[in-house]
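What follows is each chain in one-letter form.
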Amino acid sequence: MIGEGLQSTNQRKHSYVHDRVEVGFFTDPSVCIGCKACEVACKEWNQVPDDGFTWSGNSYDNTGHLGASTWRHVMFLEQDRPKGNQVTGSMGLPFDQQSIGNQQSDLSAVGPAEAEDPFRWVFLSDVCKHCEEAGCLEACPTGSIVRTEVGSVLVQNDVCNGCGYCVVSCPFGVIDRRPEPLHDAGGAFKCTFCYDRQKSGLVPACAKVCPTESIVFGRLDDLRARGAKRVEQLQQSGYKDAQLYDPTETSVRGIHAFFLILGEPEAYGLPPKPQIPTIYLKSAWISAFATAIASIIATLAGFAFFS
Amino acid sequence: MTNGPQAEQRLEHLREEAWKKGVVPGKGVDVAGGPIPRKPGYYGQPVVKPPVWTWEIPLYFFFGGLAGMSAVIASGAIIFHQVDLARTAMWVAAVAGAVLSPILLILDLGRPHLFLNMLRVFKHRSAMSMGAWILSAFGACAVPGLIALELHARQIFPGALDQLLRVAAGLLIFGSAIFGTLLATYTGVLIGATAIPAWFLHRVLLPIHFGTAGLGSAAAVLELLGQRIPALNFIGFYAAGVETALLVWLSFDKHGAADRAIHEHASGWLIRIGEVLNGPLALVLRFFAFVPFAAISFLLGALVSRIGWIAVGKVSGADPESVFAAEHY
Chain A
1 MIGEGLQSTN
11 QRKHSYVHDR
21 VEVGFFTDPS
31 VCIGCKACEV
41 ACKEWNQVPD
51 DGFTWSGNSY
61 DNTGHLGAST
71 WRHVMFLEQD
81 RPKGNQVTGS
91 MGLPFDQQSI
101 GNQQSDLSAV
111 GPAEAEDPFR
121 WVFLSDVCKH
131 CEEAGCLEAC
141 PTGSIVRTEV
151 GSVLVQNDVC
161 NGCGYCVVSC
171 PFGVIDRRPE
181 PLHDAGGAFK
191 CTFCYDRQKS
201 GLVPACAKVC
211 PTESIVFGRL
221 DDLRARGAKR
231 VEQLQQSGYK
241 DAQLYDPTET
251 SVRGIHAFFL
261 ILGEPEAYGL
271 PPKPQIPTIY
281 LKSAWISAFA
291 TAIASIIATL
301 AGFAFFS
Chain P
1001 MTNGPQAEQR
1011 LEHLREEAWK
1021 KGVVPGKGVD
1031 VAGGPIPRKP
1041 GYYGQPVVKP
1051 PVWTWEIPLY
1061 FFFGGLAGMS
1071 AVIASGAIIF
1081 HQVDLARTAM
1091 WVAAVAGAVL
1101 SPILLILDLG
1111 RPHLFLNMLR
1121 VFKHRSAMSM
1131 GAWILSAFGA
1141 CAVPGLIALE
1151 LHARQIFPGA
1161 LDQLLRVAAG
1171 LLIFGSAIFG
1181 TLLATYTGVL
1191 IGATAIPAWF
1201 LHRVLLPIHF
1211 GTAGLGSAAA
1221 VLELLGQRIP
1231 ALNFIGFYAA
1241 GVETALLVWL
1251 SFDKHGAADR
1261 AIHEHASGWL
1271 IRIGEVLNGP
1281 LALVLRFFAF
1291 VPFAAISFLL
1301 GALVSRIGWI
1311 AVGKVSGADP
1321 ESVFAAEHY
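Listed in order, the protein sequences are those of chains A and P.
Counted from 1, the first sequence has number 246 at position 246 by this note's numbering; the numbering is strictly sequential.
Counted from 1, the second sequence has number 1082 at position 82 by this note's numbering; the numbering is strictly sequential.
Everything labelled a hint here was simulated from the structure, so no lab data went into it.
Keep in mind that this is a model prediction, so the values were computed, not measured.
For glycine and all other residues, C-beta sits at the position ideal for the given N, C-alpha and C.
Among the hints, a few may not be true.
[Unchecked claim] If you want a taste of the chain P side facing chain A, the calculated C-beta under 10 Å gives, among others:
| hint | residue |
| --- | --- |
| 1 | Gly1026 |
| 2 | Asn1117 |
| 3 | Val1121 |
| 4 | Ala1177 |
| 5 | Ile1178 |
| 6 | Leu1182 |
| 7 | Ala1184 |
| 8 | Thr1187 |
| 9 | Gly1214 |
| 10 | Ile1229 |
| 11 | Phe1234 |
| 12 | Ala1326 |
Using the sequences plus the hints, can you model the full thing?
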């Protein structure tokens, strides 16, 4: 919490790995200032290659999306609706030189916020969700992707042979195969939850550097309580569209890096109902077995009746 | 941009494009409060990641299906004492399934030298893991099965040893037929159980299509290799008939934006061309007894539709609207 100084869960040493406590990230765009320190810290600590220096033209987002070399991604949403009770636009003030100079301008002339070009700029630092039921982990044929003591999902780089099946199995489009000619190309990469740091009792790099504690690291149960409280607080202050994004109702059964979002998840490129692909296995295998049997019967029938 | 006629022209152009397409490509045009419609989702970025697989995977689907079902035909031929056909079929199964398929799969890996890591674990909830084991088991049956069959057919060893070879060949070929049916159909499960909307919405159709296309391809290859027998012709009719039914199914089982990659774009055309070639066209050609042409048409269709399904995955995965639309199914 801001103001706790070194006592904040983002700064103090911990023994979660040793104690096998489930930990997570809570990311809150209502206090994010879009500084991208999390992106930089992640790249520096994990020695992730750059992802090209190009201008996307999409607000201040030149990173684009999460991928093999982007494990934190700050989104910049420009939306034509007000943020909480904030008033944007001309505030209803007449735009001539005289009245701007006039300190005694009539404040009763201020119109309702919605009537005046409402605008908001929302920043959200996206990251691997470390699903309770992880599609990538289930899909991995080498056992390279494992669940750690703190409940995060980790890719063991030295085991991964780059088959690419986790890429299409992630319902959030997080993990990706790193292309040539980058360092360590060919393997699948994503956020490690700074497992190496956590083993030494350190906080993940992104949370450590976040200057506003928009990214909070801590015990999952504490964070869930904190998130619920924060939503309530924001609702009361006029952020009517504040909600938690933590799909516990779907087959993903909740995520360990969850978000507070303003508005609908689609605007953040988050699927409203993410599903783990293993739920499709049963019907697909039944179809496969039926086809196998039908093919054998057709073959035997061919030989039996047409020989 | 400076003031002037170019700037005005650019704006006119943008307005016209927005009017026609609903979306304008180009940097910096996706803004709030502007007259130009915004892209879906977050600046039109994909929600799920499209597959990273390249040309090796559709070819593997083709050869794997062909090999697996060849072993089934070989088993049928063994049961009905057609040793010559069984030998040809087992050669096809061994070359396509135990040589070409593993090579293609290893080539597609990001780190080919670590391909043996596939056999570190056995995970029934991972279709990729199951596939690696099925392919290994198939190869382990088909290659010794072929060797035993050839040794028996050429009467290399005398007496009791030959009898032993005969039994071993039979068992191994039946084994390769069992794993072969799985090899031909699991690929449908592999792409059906993913987060790609156009794939998972057709997870029941895909194994039927891949398996049946494999069976028809095996019959077609054997016919082209000179095995023109009525049994293979019947299998050809069966496969082309099922593929025709699947074409009809696919044209009725539409899910709007969620699987539009199957019905629109170049990927949609690949699917359609593939399905027509191995469905109705192969059926008609076979009906008029143009067997070699029917076989070629079916093989081409089986290959093109496999390429098409991977292309569909790439288009569907890159389309954020397809993911949002798929939430409703």
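Each hint, compared with the structure:
1. Taken as an interface hint, P:Gly1026 checks out: its beta carbon lies about 7 Å from the nearest beta carbon of chain A, inside 10 Å.
2. The restraint placing P:Asn1117 at the interface with chain A holds, with a minimum CB-CB distance near 4 Å, inside the 10 Å limit.
3. The beta carbon of P:Val1121 is positioned within 10 Å of a beta carbon in chain A (closest approach about 4 Å), and the interface hint is therefore held.
4. For P:Ala1177, the shortest C-beta to C-beta distance to chain A is roughly 7 Å, which falls under 10 Å, so the interface hint holds.
5. The interface hint given for P:Ile1178 is met, as the beta carbon of that residue sits about 8 Å from the closest beta carbon of chain A, less than 10 Å.
6. Using the Cβ-Cβ criterion of 10 Å, the hint placing P:Leu1182 at the interface with chain A is satisfied: the shortest such distance is roughly 6 Å.
7. Hint status for P:Ala1184 relative to chain A: holds, with the closest Cβ pair at about 7 Å, below 10 Å.
8. Taking 10 Å as the C-beta contact cut-off toward chain A, the hint placing P:Thr1187 at the interface holds, the least distance being around 9 Å.
9. Taking 10 Å as the C-beta contact cut-off toward chain A, the hint placing P:Gly1214 at the interface holds, the least distance being around 8 Å.
10. A distance limit of 10 Å between C-beta atoms decides the matter here; for P:Ile1229 the minimum to chain A is near 7 Å, and the interface restraint holds.
11. With a least beta-carbon distance of about 4 Å to chain A, the hint placing P:Phe1234 at the interface is held under the 10 Å criterion.
12. Interface restraint check for P:Ala1326: the shortest CB-CB distance to chain A comes to about 9 Å, inside 10 Å, so the restraint holds.
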